[in-house]
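Position chain B relative to chain P; hints supplied.
Chains P and B supply the protein sequences, listed in that same order. Counted from 1, the first sequence has number 32 at position 32 by my numbering; the numbering is strictly sequential. My numbering runs 318 ahead of the 1-based position in the second sequence.
It is possible that some hints are incorrect.
Here chain P is said to cover these stretches of chain B; the calculated rule only asks that three of the stretch's residues, wherever they fall, bring their Cβ under 8 Å from a Cβ of chain P [as the list claims (entries may be wrong)]:
id: 1; stretch: 644-658
id: 2; stretch: 733-742
Lysine-lysine pairs mimicking DSS-like chemistry, simulated, CA-CA at most 30 Å apart [said to hold, decoys possible]:
id: 3; chain 1: P; residue 1: K215; chain 2: P; residue 2: K306
id: 4; chain 1: P; residue 1: K123; chain 2: B; residue 2: K459
id: 5; chain 1: P; residue 1: K88; chain 2: B; residue 2: K495
id: 6; chain 1: P; residue 1: K92; chain 2: B; residue 2: K610
id: 7; chain 1: P; residue 1: K131; chain 2: B; residue 2: K370
id: 8; chain 1: P; residue 1: K92; chain 2: B; residue 2: K459
id: 9; chain 1: B; residue 1: K370; chain 2: B; residue 2: K420
id: 10; chain 1: P; residue 1: K92; chain 2: B; residue 2: K550
id: 11; chain 1: P; residue 1: K88; chain 2: P; residue 2: K123
id: 12; chain 1: P; residue 1: K92; chain 2: B; residue 2: K481
id: 13; chain 1: P; residue 1: K53; chain 2: B; residue 2: K495
id: 14; chain 1: B; residue 1: K420; chain 2: B; residue 2: K597
id: 15; chain 1: B; residue 1: K671; chain 2: P; residue 2: K111
id: 16; chain 1: P; residue 1: K58; chain 2: B; residue 2: K495
id: 17; chain 1: P; residue 1: K92; chain 2: P; residue 2: K61
id: 18; chain 1: B; residue 1: K495; chain 2: P; residue 2: K92
id: 19; chain 1: B; residue 1: K481; chain 2: P; residue 2: K301
Keep in mind that the hints were calculated from the coordinates and are not lab data. Note that CB positions come from ideal geometry on N, CA and C, so glycine has one too.
So the chains spell out like this:
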Amino acid sequence: MKKPLSLMSQSKRFGMLSITVVLISLILIFTKGFNYGIDFAGGTLVQVKYEGKAPIDKVRKAISVDKNYESASVTYFGSDEEIVIRTKMSSKALGEDISDKMTHLLQDTGKFEVRRVDMVGAKVGSELREKGLMSMFLAILGILIYVSFRFEWRFAVASVMALVHDVTIAMGAVVLFGIEVNLDTLAALLTILGYSLNDTIIVFDRIREGIRMIKKPDLASIIDESVTQTLSRTTLTSLTTFFVVLTLFLFGGEIIRGFSFTLLVGIIVGTYSSIFVASPVLMWLGFDVSNFREKEAEKLKREKEKEKMRAMYESGTL
Amino acid sequence: MKTLNFRVILFIFALIFGVVFSIPSLTQSESGKKITLGLDLQGGLHMLLGIKSDVAIESRTKSIAASVKYLFDDEEIIFDDLRMVDGEKVTFELLDQDDVAKATALLKKEIDGTVLTQNGLKFTLQMTPEEMQRTEQNAIKQAVDTIRNRLNEFGLAEPTVAKQGEDKILVEVPGIKTQADEQRIRELIARAAHLQLMAVDEDRAARVSTMSAAEAKSYGDVILEDVNTREKYLLHQIPVLDGSMLTDAKVGFDKNNQPVINFSLNGQGAKIFGDFTAKAVGKRMAVVLDNKVYSAPVIRERIGGGHVQISGNFKLEEAHDLAIALRSGALLAPVFVMEKRSVGPSLGADSIKASSMALALGFILVILFMLLYYSMAGVIANVALIGNLFLILAIMSLFGATLTLPGMAGIVLTVGMAVDANVIINERIRELLHEGKSIPKAIEDGYDNAFTAILDANVTTLIAAVVLYAYGTGAIKGFALTMSIGILASMLTAIVGTHGIYQWLMPKMNRKRLNFWFGIKSEEGVK
Numbered sequence: 001m002k003k004p005l006s007l008m009s010q011s012k013r014f015g016m017l018s019i020t021v022v023l024i025s026l027i028l029i030f031t032k033g034f035n036y037g038i039d040f041a042g043g044t045l046v047q048v049k050y051e052g053k054a055p056i057d058k059v060r061k062a063i064s065v066d067k068n069y070e071s072a073s074v075t076y077f078g079s080d081e082e083i084v085i086r087t088k089m090s091s092k093a094l095g096e097d098i099s100d101k102m103t104h105l106l107q108d109t110g111k112f113e114v115r116r117v118d119m120v121g122a123k124v125g126s127e128l129r130e131k132g133l134m135s136m137f138l139a140i141l142g143i144l145i146y147v148s149f150r151f152e153w154r155f156a157v158a159s160v161m162a163l164v165h166d167v168t169i170a171m172g173a174v175v176l177f178g179i180e181v182n183l184d185t186l187a188a189l190l191t192i193l194g195y196s197l198n199d200t201i202i203v204f205d206r207i208r209e210g211i212r213m214i215k216k217p218d219l220a221s222i223i224d225e226s227v228t229q230t231l232s233r234t235t236l237t238s239l240t241t242f243f244v245v246l247t248l249f250l251f252g253g254e255i256i257r258g259f260s261f262t263l264l265v266g267i268i269v270g271t272y273s274s275i276f277v278a279s280p281v282l283m284w285l286g287f288d289v290s291n292f293r294e295k296e297a298e299k300l301k302r303e304k305e306k307e308k309m310r311a312m313y314e315s316g317t318l
Numbered sequence: 319m320k321t322l323n324f325r326v327i328l329f330i331f332a333l334i335f336g337v338v339f340s341i342p343s344l345t346q347s348e349s350g351k352k353i354t355l356g357l358d359l360q361g362g363l364h365m366l367l368g369i370k371s372d373v374a375i376e377s378r379t380k381s382i383a384a385s386v387k388y389l390f391d392d393e394e395i396i397f398d399d400l401r402m403v404d405g406e407k408v409t410f411e412l413l414d415q416d417d418v419a420k421a422t423a424l425l426k427k428e429i430d431g432t433v434l435t436q437n438g439l440k441f442t443l444q445m446t447p448e449e450m451q452r453t454e455q456n457a458i459k460q461a462v463d464t465i466r467n468r469l470n471e472f473g474l475a476e477p478t479v480a481k482q483g484e485d486k487i488l489v490e491v492p493g494i495k496t497q498a499d500e501q502r503i504r505e506l507i508a509r510a511a512h513l514q515l516m517a518v519d520e521d522r523a524a525r526v527s528t529m530s531a532a533e534a535k536s537y538g539d540v541i542l543e544d545v546n547t548r549e550k551y552l553l554h555q556i557p558v559l560d561g562s563m564l565t566d567a568k569v570g571f572d573k574n575n576q577p578v579i580n581f582s583l584n585g586q587g588a589k590i591f592g593d594f595t596a597k598a599v600g601k602r603m604a605v606v607l608d609n610k611v612y613s614a615p616v617i618r619e620r621i622g623g624g625h626v627q628i629s630g631n632f633k634l635e636e637a638h639d640l641a642i643a644l645r646s647g648a649l650l651a652p653v654f655v656m657e658k659r660s661v662g663p664s665l666g667a668d669s670i671k672a673s674s675m676a677l678a679l680g681f682i683l684v685i686l687f688m689l690l691y692y693s694m695a696g697v698i699a700n701v702a703l704i705g706n707l708f709l710i711l712a713i714m715s716l717f718g719a720t721l722t723l724p725g726m727a728g729i730v731l732t733v734g735m736a737v738d739a740n741v742i743i744n745e746r747i748r749e750l751l752h753e754g755k756s757i758p759k760a761i762e763d764g765y766d767n768a769f770t771a772i773l774d775a776n777v778t779t780l781i782a783a784v785v786l787y788a789y790g791t792g793a794i795k796g797f798a799l800t801m802s803i804g805i806l807a808s809m810l811t812a813i814v815g816t817h818g819i820y821q822w823l824m825p826k827m828n829r830k831r832l833n834f835w836f837g838i839k840s841e842e843g844v845k
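Looking at chain P on its own, in the form it has when it is part of the complex:
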């Protein structure tokens, strides 16, 4: 048997660390704010690939000829052959739209191909934002209900707190690195919601078992022992997922880089939180081991009684 790590005695230190990082994330979110992409803010994105190096200064100049696009941003995308032009404008017309006008403006800048145009009207953008918030809320609620149903309520609250911790820090990282927030970023955050819980559940499942099996009165040492036992699988499962998301981040292409980056952060934070956040919260919530054992024992007794009754019934003695 491995010697249990003494995690719970250090829990204050980890708690301070988590609270600090969460606070920094919140400050970032509320001061710097999200860099909403066109999915949520509305606008137009045109991705253009040149034969050879993209003449980015010429492009900027060519576009600013039209007063409407003076505030458009032009940046390299993935390689120096490709650029992305972003503007807050969107057009309702089906005929000549912004991308057609851009193509026209760019015609003297070299040989190029328009590879992607995304245009989202302001109304759809705000609708998508509303839907996005709603989906986050519903996912958290659904998970809360499921975990309360499968575990004791304190487990549910602790796991959801770990979840909020993970998502907040992931959002903080998104703001810090100026990642554009689009639908795929939202998908990544929702995936973090589902995934970061995996490790927490593995640990909680073990703690639940530990309460039954380990004959120690205090929760702290039970948690220490359980977490130590699950440490290798918590890190290993995260590691396999981390590998694949890393390949996605490195080789999956520029378009889904925001998505894979957000997931990478989420997986790292999720693994940390399942060990260092979820379990201490469980303790602070005043989970009572002896009370839990009594209830379990009672449940067991009732089941045994039922079985006895059934046996008596079946043998015809009742």
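Okay, now just chain B, sitting in the frame of chain P:
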């Protein structure tokens, strides 16, 4: 060796099922059910269109006004001052008190969904709220049908046109090659193709160049411009007839070999047209398309048969698209773009390349890791993982599901998550072996103990995926879909499948070779 147990048999069936049904998708064969590639992978145009339903109301009102005029003329009821008010009411005045009963009965019988109110000899005809709602709904349905017809007639491969939500239209057109082609398709969709034959107000036509729009309106007229010369015409606002009575439109050539569009009217249209031309000899009649005058010839004699020609210095391509638009009917209300996403074919190909690369590399990394860390136990997990991949493809093929770029990301993620179950199980088994349990006991207890944790973990991920599917749009739905299928399939392959393989191989295992079977180094001190 022990005979095959039901778990292995189930897994083998799943594997065969997976391989057989994913073959059509992998080889891209003509027959069999296949995964469709999303527009972000194969290139194409995705649009969410809104509809200006108030215009549908206005045009319904206009056609009510046209009917009133036709009915009264036909029954020789004398009326005056017939006009549209606020785009949703028709007002008129009867000149003869004796006609009131006859007129009210006639309107009640012939024009549905309206309420007639009377004030002296002045009348107002207005649509009921139900009729207005029906008109709006009808406009959307009609727009969906019309756009679908147009795209089909254009000869595009498998366009999707569907109503989305209450008042939006989803249009998806795969396989567009260039931006110019895309613009042409957008213009074809947007074309109202609202054809009207309108009489020129000859009494006031001389003053048209100085007349204001408001003054024209006060006479029940409207000023429209010629499509090429921009010359102004003063026309009676209520048309003689409109495109709803058109039965066919074809491209033809006039005597100068210029492309023209010949169209035919149905019986009712031909009769109205014949009656009108008989009465209006010597006057001009304008052919108006989308509020532009294409021609305004002088009527020389009564024109029967209902054949009319539109000429307007068309290019052949333009005439072709216009004929399609006319044939497939007018849009009752104009549509506008709320969201547009268009991906060129080369970017789609690049995205397929990049995401396949990530999938292959991620897969190899995970397989190597499992092999090095768990030896045979890792091999078993890897077999399950391969089975999982085939199952995902097979299930998606059977449902004809769409694979998007985020969907590919979902599959990559599943590769990482599916082996999680095996890691949990293998760690449990190792732990039990360390405690000195026999191999069969360790395996059975390992599966028993690990199951609830794996189930709970998968269910929570599924909850997030389902919410994402319900609230996500477009490509993101593809991510939620592949992830959900992947998680469900992994329950079969990673739990049931590997369990079966262990049971099958169990007689061959012995505690002397724990390193070979479970990757346990002897110095780790197994009892």
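Against the structure, the hints:
1. 644-658: Result for this restraint: holds, n = 6.
2. 733-742: That given contact holds, which follows from 7 residues of the stretch 733-742 of chain B lying within Cβ reach (below 8 Å) of chain P.
3. P/K215 / P/K306: holds (27 Å)
4. P/K123 / B/K459: Holds, because 22 Å separates the two Cα atoms, which is no more than 30 Å.
5. P/K88 / B/K495: With Cα atoms ~27 Å apart, P/K88 and B/K495 stay inside 30 Å; holds.
6. P/K92 / B/K610: holds (21 Å)
7. P/K131 / B/K370: holds (24 Å)
8. P/K92 / B/K459: holds (20 Å)
9. B/K370 / B/K420: Violated: B/K370 and B/K420 sit about 36 Å apart, past 30 Å.
10. P/K92 / B/K550: holds (28 Å)
11. P/K88 / P/K123: holds (13 Å)
12. P/K92 / B/K481: Roughly 18 Å between the alpha carbons, so the hint for P/K92 and B/K481 holds.
13. P/K53 / B/K495: Holds. P/K53 to B/K495 sits at ~23 Å (cutoff 30 Å).
14. B/K420 / B/K597: holds (25 Å)
15. B/K671 / P/K111: holds (24 Å)
16. P/K58 / B/K495: Distance of about 27 Å is within 30 Å: holds.
17. P/K92 / P/K61: holds (26 Å)
18. B/K495 / P/K92: holds (23 Å)
19. B/K481 / P/K301: violated (58 Å)
The structure shown violates the earlier hints numbered 9, 19.
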